[in-house]
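Student: Below are the chains, spelled out letter by letter.
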Amino acid sequence: MAKIIAGLGTSHIPLLGHIIDKGESRAENWAPIFDGFQFTKRWIKEQKPDVVILVYNDHATAFDMKIIPTFAIGCGEEYRPADEGYGARPVPTVKGAPKLAWHITESLIKQGFDMTIVNEMDVDHGLTVPLSMVFGEVEEWPCQVIPLAVNTVVYPAPTGERCLALGKAIRAAVEQFPEDLNVQVWGTGGMSHQLLGERAGLINREWDLAFMDDLQSHYEALAKISQVEYIRESGTEGSEMVMWLIMRGALNHEVREIHRHYYVPVSNTALGHLIYENTDAAACEGGE
Amino acid sequence: MNNNNKPYSNIPGTTVFDGDMVRVGFHLNQFCMSLMQASNRDAFKQDERAYLDQWPMTQAQKNAVLARDFTQLIALGGNIYYLVKLSSSDGLSVAAAVSTMTDLSPEDYMEMMRNGGRSPAGNRFTDHRESDKKSSKEQQ
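Order-wise, the sequence lines are chains H and Y.
Per our numbering, residue 1 is the first one in the first sequence, and the count goes up by one each step.
Per our numbering, residue 289 is the first one in the second sequence, and the count goes up by one each step.
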C-alpha cells in the first residue's frame with residue numbers, strides 16, 4: 001500500500017530560483033541561505049520518495065482573475081515550468097502522478113472536499129523553487145509530483161482548520177492506494193512577509209519561530225488562527241503558512257522534527273524550512 | 289459590506305485583497321496578466337496609452353499604470369502578484385517595486401530588510417493604544 005512517511009515545510013521565495021538559475025547558489029554571500037538545505041539534499045537521497053504531493057499557491061500564473069479555485073489538484077501527466085514574465089525557469093518538466101492523483105481526488109471529494117480538477121497547467125516558482133531547494137540542480141526531477149494549489153492570493157484563503165482536515169483526508173486517501181509507493185507531502189510558502197502598502201517589509205521572527213515550534217505537537221491550536229491574525233502578525237503574504245497545515249495534517253500525530261532552518265531576509269521574506277518524519281511507534285499505531 | 293465591518297480594516301498600511309478589491313481591480317489585473325506574453329509586453333512598451341485603451345479600465349487606473357504609482361494601483365484594486373508583472377516588464381525587482389509603497393528609498397528599504405525587516409511592534413493596529421499588546425485570538 002502507499003504510505004506517507006515524511007513531510008517538509010519550506011518557503012518558495014522566487015529569488016532562490018533566480019540565484020540557482022544564475023549558477024550562484026554556491027556563492028559565499030548566499031551560503032547562510034543555501035547551507036540550511038544541505039542536510040535536506042542528503043536526506044532526500046536516502047528517502048527516495050516516489051511521489052511528492054506539493055502544496056503551494058499559484059501566483060497569477062496558471063490562474064488569473066477569471067477563475068480562482070480554493071483547492072485545485074493536478075491530475076495531469078506533466079506540468080511545464082511557467083514563464084512568469086522573464087522566461088521559464090530552466091528546470092526539468094514536472095512529471096505528474098495521474099493515477100494516484102485521480103485516486104486521491106475521488107477519495108477527497110467523497111470525503112467532502114470539493115476539489116477543482118486540473119489536467120493541464122504550467123507551474124510557477126511556488127512549485128519549482130521547493131523542488132530546486134530540495135533536489136538541487138538535476139537533469140530530471142527524481143520523483144513524480146502531484147501539485148495541490150491553494151488560493152492564498154484572494155481573501156479569504158481556506159481556514160487553517162480546513163487545511164488541516166484536508167491533510168488528514170489526503171493521508172486517508174493515500175493509505176488506500178494499492179501500489180507500494182513512498183509518498184511525501186510538502187507544505188510551502190511563508191514565512192512572515194508583506195509585499196504591499198506602507199507596512200511592506202514586515203517580518204515577525206518571534207511569530208515564525210513559534211509557528212514552527214507549535215506545528216509539531218500543537219497544530220490543532222495553530223489551525224484555529226484566522227487569516228486576519230496571520231495578516232496582522234505575519235503580513236498579508238504570511239498567511240501562506242496555512243499551507244503548512246495541509247502537510248502537517250497528512251502526517252501522524254507523533255512526528256520527529258529532524259531538521260530546521262530559519263533565515264531573514266531573502267528579498268522581502270523570512271525563509272523557513274523544516275522536516276518531519278513520522279515516528280515508528282505512531283507509524284504502527286496509525287498504520288491502520 | 290461596510291468597510292468598518294471588515295475585521296482587517298484596522299491593520300495599518302495594509303490593503304487586504306478581498307472581493308471588493310477584486311471587483312474594482314478586475315480589468316487592471318487582467319491587463320497586468322496580459323504582460324506575461326512577450327508580444328503584449330512589446331505592444332505595451334511601444335505605446336502604453338494605446339495599449340491601455342484596449343482595456344475597460346478607469347482613467348485613474350490607466351494614469352496610475354502610466355505613472356507606475358504602486359500605492360495608487362493597490363488602492364484601485366491592483367493585486368501585488370499582478371502588479372509585479374508590470375514592474376518586471378520594466379526590469380524592476382520585486383523589492384524595488386514594493387519599496388515605493390513605503391516611506392523608504394529602495395536602498396533604505398533593503399537595508400531595513402537586511403537588519404531583520406519591519407518590526408510588527410506598533411504596526412498591528414491603526415489605533416496605537418492597542419498596538420503594544422499582542423493581538424488576541426481573532427475569529428476565523
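Please keep in mind that the hints were generated in silico from the structure rather than gathered at the bench.
Please note that the accuracy of each hint is not assured.
Okay, derived cross-link-like pairs now, DSS-like style, lysine-lysine, Cα gap no bigger than 30 Å in a straight line [to be verified]:
| # | chain 1 | residue 1 | chain 2 | residue 2 |
| --- | --- | --- | --- | --- |
| 1 | H | K3 | H | K66 |
| 2 | H | K22 | Y | K333 |
| 3 | Y | K350 | H | K45 |
| 4 | H | K110 | H | K99 |
| 5 | Y | K333 | H | K66 |
| 6 | H | K99 | H | K48 |
| 7 | H | K45 | H | K168 |
| 8 | Y | K294 | H | K66 |
| 9 | Y | K333 | Y | K294 |
| 10 | Y | K294 | H | K224 |
| 11 | H | K22 | H | K110 |
| 12 | H | K41 | H | K99 |
| 13 | H | K95 | H | K168 |
These figures come from a predicted structure and were not determined experimentally.
Student: Could you run down the list of hints and mark each one as holding or not?
Tutor: We went through each hint and held it up to the structure:
1. K3/H / K66/H: Status violated; Cα separation ~36 Å.
2. K22/H / K333/Y: Answer holds: K22/H to K333/Y is near 27 Å, not above 30 Å.
3. K350/Y / K45/H: violated (51 Å)
4. K110/H / K99/H: Roughly 17 Å between the alpha carbons, so the hint for K110/H and K99/H holds.
5. K333/Y / K66/H: The given pair, whose Cα atoms are some 25 Å apart, holds under the 30 Å limit.
6. K99/H / K48/H: holds (19 Å)
7. K45/H / K168/H: holds (26 Å)
8. K294/Y / K66/H: Satisfied, since the Cα-Cα distance of roughly 24 Å is no more than 30 Å.
9. K333/Y / K294/Y: violated (39 Å)
10. K294/Y / K224/H: Given pair K294/Y, K224/H holds - Cα atoms ~19 Å apart, limit 30 Å.
11. K22/H / K110/H: violated (45 Å)
12. K41/H / K99/H: holds (27 Å)
13. K95/H / K168/H: holds (24 Å)
The structure is inconsistent with the numbered hints 1, 3, 9 and 11, although it conforms to all the rest.
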